[in-house]
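Peer 1: Sequence:
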Amino acid sequence: MASYNLCRNIFLLFALFYVSVTASALPLDFGALDKRQTTDLVGYFAVFFKGDTTADQRVWFYLSNGNDPCSFRPLNGDQPVLIPKGGTGATRDMSIVVGRGNKWYILGTDLDLAKADLNQATRHGSLSMFIWESSDLITWGSERLIKVEEDLAGMLWAPESLFDASKGKFFVYWSAKIYSKDDPQHRANGIRSVIRATYTSDFHKFDQPPFVYLDANPNSVIDMSILSLGGSTYVRFIKREGDNTVYSEVSTSGIYGPWTGKGDIEKSVEGPAPYLDNQIKGKGHLLLDRNSYMAYESNDIPSGRWTSSCPGFPKGLRHGYVLPVNKGQYDGLSQRYR
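In mature numbering (1 follows the signal peptide of the UniProt record, and there is no 0), the protein residues as written are -25 to -1, 1 to 313.
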């Protein structure tokens, strides 16, 4: 029995020594063992427009050089892939929507600032959004232009969307000015912009009527973009028009909040385009448009703290959207749009 106890004690001492040595060799941050968001993302697909001429208000496709969030190259010989045929014949402020199953959508503003006075465009602008659809991110179906806003609105700008699992539909939102029923000619001054929204199941039919999702009274706000951080946590980026400043807010209770303001990020900018890093968990990137996109990054997205990054980001790219893609999607885009 004494011999058995001695052997057991020696074994236990050896086991404790092994665990102690092994543990001391491990990083203190056990999360560092797996920093990737997911193992199958190999790059980023992006859509932009390039300026205020009719020819520049088209949909350009860009693809990152691998998982480098700062390095993008134009596809299709640096020529636009989607050229609007309906509406004003131009589109701006486009976004990509991840659909259910093998579906993606590109949404765009129906606006040509080469032909429209900006003031008039907010009073009597298009109440429709451009929609293109794809089953593989590579081949895009013919455009459709669908009226989504009511006649009380002055315009429908910068449409974006995400899936709301609580309703089993897509939550679609955009910027608009809403005039009084007593002002059918939209002559009133000082009407502030708000964020309007509705729902759709298929991007063909939209729930009516739209509703005001965000009224930042007394501030006028446009260009909202919502980034999901997983679960019920979301960060939304919004442009305040008075001083052309983009700021952020956080909700841990879904897209209807409550929302907590995290402060201003940058002045004299618009068109925020946030996206998660493909490799480092918790890291995010943010593009802000000052007549050309500038890049920012954060290792703590909910904090609202962002620092300038990517000094070599391509010049001349305007309000668009960045989508992480897997190898099949990345290779397919590379081969189709050399």
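Calculated directly from the structure, the hints in this document are not laboratory data.
Source: prediction; values computed, not measured.
Any given hint could be a false lead.
Pairs of lysine-lysine residues, derived as DSSO-like cross-links and limited to a Cα-Cα distance of at most 27 Å, are as follows [unchecked claim]:
id : residue 1 : residue 2
1  : Lys78     : Lys180
2  : Lys90     : Lys142
3  : Lys180    : Lys156
4  : Lys60     : Lys25
5  : Lys237    : Lys258
6  : Lys78     : Lys25
7  : Lys142    : Lys25
Label-pair restraints from in silico Cβ distances [as the list claims (entries may be wrong)]:
id : residue 1 : residue 2 : range
8  : Ile58     : Tyr231    : 34 to 42 Å
9  : Tyr312    : Ser228    : 37 to 45 Å
10 : Gly287    : Ala140    : 13 to 21 Å
11 : Ser309    : Ser228    : 14 to 22 Å
12 : Gln95     : Asn301    : 19 to 27 Å
13 : Gly287    : Asp182    : 21 to 29 Å
14 : Thr208    : Tyr312    : 28 to 36 Å
15 : Tyr231    : Asp15     : 29 to 37 Å
16 : Ser203    : Gly236    : 40 to 48 Å
17 : Thr208    : Pro159    : 38 to 46 Å
18 : Glu125    : Pro193    : 22 to 30 Å
19 : Asn194    : Gln54     : 32 to 40 Å
20 : Arg311    : Lys156    : 31 to 39 Å
Where is the CB? At the ideal position from N, CA and C, for every residue including glycine.
Peer 1: Does each hint fit the structure? Answer for all of them.
Peer 2: Hints, one by one, checked against the model:
1. This hinted pair checks out: lysine 78 and lysine 180 have alpha carbons roughly 16 Å apart, not beyond 27 Å.
2. Only pairs whose Cα atoms come within 27 Å are accepted, and lysine 90 paired with lysine 142 is rejected, the gap being roughly 39 Å.
3. Restraint check for lysine 180 and lysine 156: the C-alpha separation of about 25 Å stays at or below 27 Å, so the hint holds.
4. With a C-alpha separation of about 18 Å, the suggested pair lysine 60 and lysine 25 falls inside the 27 Å cut-off, and the hint holds.
5. The straight-line distance between the Cα atoms of lysine 237 and lysine 258 is roughly 17 Å, inside the 27 Å bound, and the hint therefore holds.
6. With a CA separation close to 26 Å, the supplied pair lysine 78 and lysine 25 stays within the 27 Å bound.
7. Taking the CA atoms of lysine 142 and lysine 25, the gap is near 36 Å; set against the 27 Å cutoff, the hint is violated.
8. Separated by about 37 Å at the C-beta atoms, isoleucine 58 and tyrosine 231 satisfy the suggested range of 34 to 42 Å.
9. Here the CB-CB span from tyrosine 312 to serine 228 is close to 40 Å, well matched to the stated 37 to 45 Å.
10. One distance hint, 13 to 21 Å for the beta-carbon pair glycine 287 and alanine 140, is violated here, with the actual separation near 38 Å.
11. Checking the proposed 14 to 22 Å range against serine 309 and serine 228 shows it is violated: the Cβ atoms sit about 40 Å from each other.
12. For glutamine 95 and asparagine 301, the Cβ-Cβ distance of about 44 Å falls outside the hinted range of 19 to 27 Å, so the restraint is violated.
13. Hint check: glycine 287 to aspartate 182, Cβ distance near 43 Å, so the stated range 21 to 29 Å is violated.
14. Here the CB-CB span from threonine 208 to tyrosine 312 is close to 34 Å, well matched to the stated 28 to 36 Å.
15. The hinted window of 29 to 37 Å between tyrosine 231 and aspartate 15 holds, with their beta carbons roughly 31 Å apart.
16. One distance hint, 40 to 48 Å for the beta-carbon pair serine 203 and glycine 236, is violated here, with the actual separation near 19 Å.
17. Range check, threonine 208 to proline 159: about 42 Å between beta-carbon atoms, so the 38 to 46 Å window is met.
18. For the pair glutamate 125 and proline 193, the beta carbons lie near 23 Å from each other, so the given range of 22 to 30 Å is met.
19. Between asparagine 194 and glutamine 54, the C-beta spacing of about 39 Å keeps the proposed range 32 to 40 Å intact.
20. Between arginine 311 and lysine 156 the CB atoms are about 48 Å apart, so this pair departs from the stated range of 31 to 39 Å.
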